[in-house]
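2 protein chains.
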Amino acid sequence: MTGKTFLRAVTACCIALPALAFAQNSLKGPIVVQGAMPIEAEHFAQRLKDVKEEQIGGWRFWRGTIEGYPVVVSETQKGMSNSAAATAMAATQFKPAAIINQGTAGGHDPALKVYDIVIGKYSVNLGAFKTPHKAKGEGSDSTQWKPMDLLASKGSAGEDKNPHTIRQFPADAQLLAVANDVKGTYTKGNVVEGVIGSADIWDSELDRISFFHNSFHTSAEEMETASAAQIAAGFNIPFIGIRILSNNITNNGKYDPNTGLACQDYVYQVVKAYIAKLKSQ
Amino acid sequence: MTGKTFLRAVTACCIALPALAFAQNSLKGPIVVQGAMPIEAEHFAQRLKDVKEEQIGGWRFWRGTIEGYPVVVSETQKGMSNSAAATAMAATQFKPAAIINQGTAGGHDPALKVYDIVIGKYSVNLGAFKTPHKAKGEGSDSTQWKPMDLLASKGSAGEDKNPHTIRQFPADAQLLAVANDVKGTYTKGNVVEGVIGSADIWDSELDRISFFHNSFHTSAEEMETASAAQIAAGFNIPFIGIRILSNNITNNGKYDPNTGLACQDYVYQVVKAYIAKLKSQ
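First to last, the protein sequences are chains A and B.
Numbering-wise, numbering that gives the first Met the number 0 puts 9 at position 10 of the first sequence, and it's gapless, one number per residue.
Numbering-wise, numbering that gives the first Met the number 0 puts 10 at position 11 of the second sequence, and it's gapless, one number per residue.
It is worth saying that the hints were derived from the structure and are not from the lab.
We put the CB at the ideal spot given by N, CA and C, even for glycine.
Honestly, I wouldn't trust all of these hints.
[As the list claims (entries may be wrong)] Within a straight-line C-alpha distance of at most 20 Å, the following computed EDC-like cross-link-like pairs (lysine to aspartate or glutamate) qualify: (1) B:LYS145 - A:ASP206; (2) B:LYS153 - A:ASP255; (3) B:LYS160 - A:ASP255; (4) B:LYS48 - B:ASP264; (5) A:LYS153 - B:GLU41; (6) B:LYS253 - A:ASP159; (7) A:LYS133 - B:ASP140; (8) B:LYS182 - B:GLU192; (9) B:LYS135 - A:ASP140; (10) A:LYS153 - B:ASP140; (11) B:LYS153 - A:GLU52.
[To be verified] A few chain B residues that don't get close to chain A, going by computed Cβ distances all over 10 Å: (12) TYR114; (13) VAL190; (14) LYS278.
Between the sequences and the hints, there should be enough to build the whole structure, so can you do that?
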């Protein structure tokens, strides 16, 4: 290494020191709270103390604290790809103690109303399927598609011999317990455990929604949770998805954007309770 | 900052120095070559000089050189989420000069044969759609779905007023030119410019494939390129997808896993030509 290179290296190290100090001050890593849209992230970011906004590539993060514990709010942007990328960034840059993906969702379960909250005991990818063979003129029927588990083998999914079951991305047990513990703080609807389905699709075919609800037990659909959960699992980071119904086509529940704020308020209670648990360990 | 924390920080900096030296030694950052499956990545990794394998979370990377220039091979694993995550890791950890996503694909164009190579002038997400409204009993017909561009707004995609056109993720002009320049080195099939379609779906409904080919001009389908392209664009990293047909259901082209090796050999020529261009600039 030349002297000039070494000097550049030392300069880069000094720039990196504040980030390191941040990690040293925490009991474990920070809690990362993800929201896809500004309306799903900014409200939570405003509740952080000593907050600093930071950009990684095209993605916004806010670093701050809640009750002295480091919390990072991540605006993942919409969809499965953005969600996976933002989770990988959070994992490598912040080494989080936990990741909570939260925001709005469309109901699949007619028993759930707008403002009800689904604590995801697990999530599933509603965009990963193998279609049956259909010849020209035989059309396309997505209710006949079979789940495809892209983590089932390292080889071509087309060559996998066994039929797939849908991959479930489970919530971390401690996060699930804490999310249930604070149910009583929520007054705008019911809070239930359920299954979150994710894909880059906005579904309005009621037979397709019934197929998902009946086959995979989905409570609601959105576009990020299962993708973030898959990547968090690749880093062994405890994860949970928490989603509020902003609309429900199965029972004519009309879209209300303010549900996004209510979900962030609920997740704030979850984060506070989780911090109390981390501090007591 | 306490003395102890500072000492820890300096230790961490020293550990970080080799990575920094790697970046300093390159003209720009490394070229990242992505492959989803072992059979799409290991063959290329074996051609690197001074190669070191490295793990980030559950993902493998090989760092080495080609003609003295740093090259990183990334085994992204399969599917849109893994591809996006591996691209985000590459972007933040290696600050690449360029990313090439390559591997096998299934044909959408009956004019293309197994072993033909598609240089992706752009890619599209074949998993991002809005379905029309269909009442109970009206079924599901994916050939009626409309493309949904999740980058079109920061708000709810359900509330976007304008109909969407499919988002095109274009290849970098210089990478596209270089990929075309080395066409003459390939003897196992034709090399054509085309459109790569990506989704976590293995399509075997011929009407659905025709819908994609006719509406979005797809040459072939696979499960990673458009997702990696979207994330690379978020970091302003020059990107291209290069895919070989491993099978083609539209003309009874049977699956051949050795196509993955042939594609890596072609991409090796592209990388060498791109390095020559970078060195001459």
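Structure-based check of all given hints:
A threshold of 20 Å between alpha carbons decides the hint, and for LYS145 of chain B with ASP206 of chain A the separation of about 18 Å falls inside it, so the pair holds. Restraint check for LYS153 of chain B and ASP255 of chain A: satisfied, since their Cα atoms lie roughly 16 Å apart, inside the 20 Å limit. Proximity of LYS160 of chain B to ASP255 of chain A is assessed by CA-CA distance (about 16 Å); at most 20 Å being required, the pair is judged to hold. Distance check on the hinted pair: LYS48 of chain B and ASP264 of chain B sit about 15 Å apart at the alpha-carbon level, within 20 Å; holds.
Proximity of LYS153 of chain A to GLU41 of chain B is assessed by CA-CA distance (about 12 Å); at most 20 Å being required, the pair is judged to hold. With a C-alpha separation of about 15 Å, the suggested pair LYS253 of chain B and ASP159 of chain A falls inside the 20 Å cut-off, and the hint holds. Of the pairs offered as hints, the one joining LYS133 of chain A and ASP140 of chain B holds, with about 13 Å between alpha carbons and a cut-off of 20 Å not exceeded. Distance restraint check for LYS182 of chain B and GLU192 of chain B: the Cα-Cα separation of roughly 11 Å lies within the 20 Å cut-off, and the hinted pair is therefore satisfied.
Distance restraint check for LYS135 of chain B and ASP140 of chain A: the Cα-Cα separation of roughly 14 Å lies within the 20 Å cut-off, and the hinted pair is therefore satisfied. Straight-line distance between C-alpha atoms of LYS153 of chain A and ASP140 of chain B comes to about 31 Å, which puts the hinted pair past the 20 Å bound. For the hint pairing LYS153 of chain B with GLU52 of chain A, the CA-to-CA distance comes to about 18 Å; that is within 20 Å, so the pair holds. For TYR114 of chain B, the non-interface assignment is confirmed: its Cβ lies about 16 Å from the closest Cβ of chain A, beyond the 10 Å cut-off.
Every CB of chain A lies more than 10 Å from the CB of VAL190 of chain B, the least distance being 22 Å, so the non-interface label holds. Every beta carbon of chain A lies more than 10 Å from that of LYS278 of chain B, the smallest distance being close to 20 Å; the non-interface claim holds.
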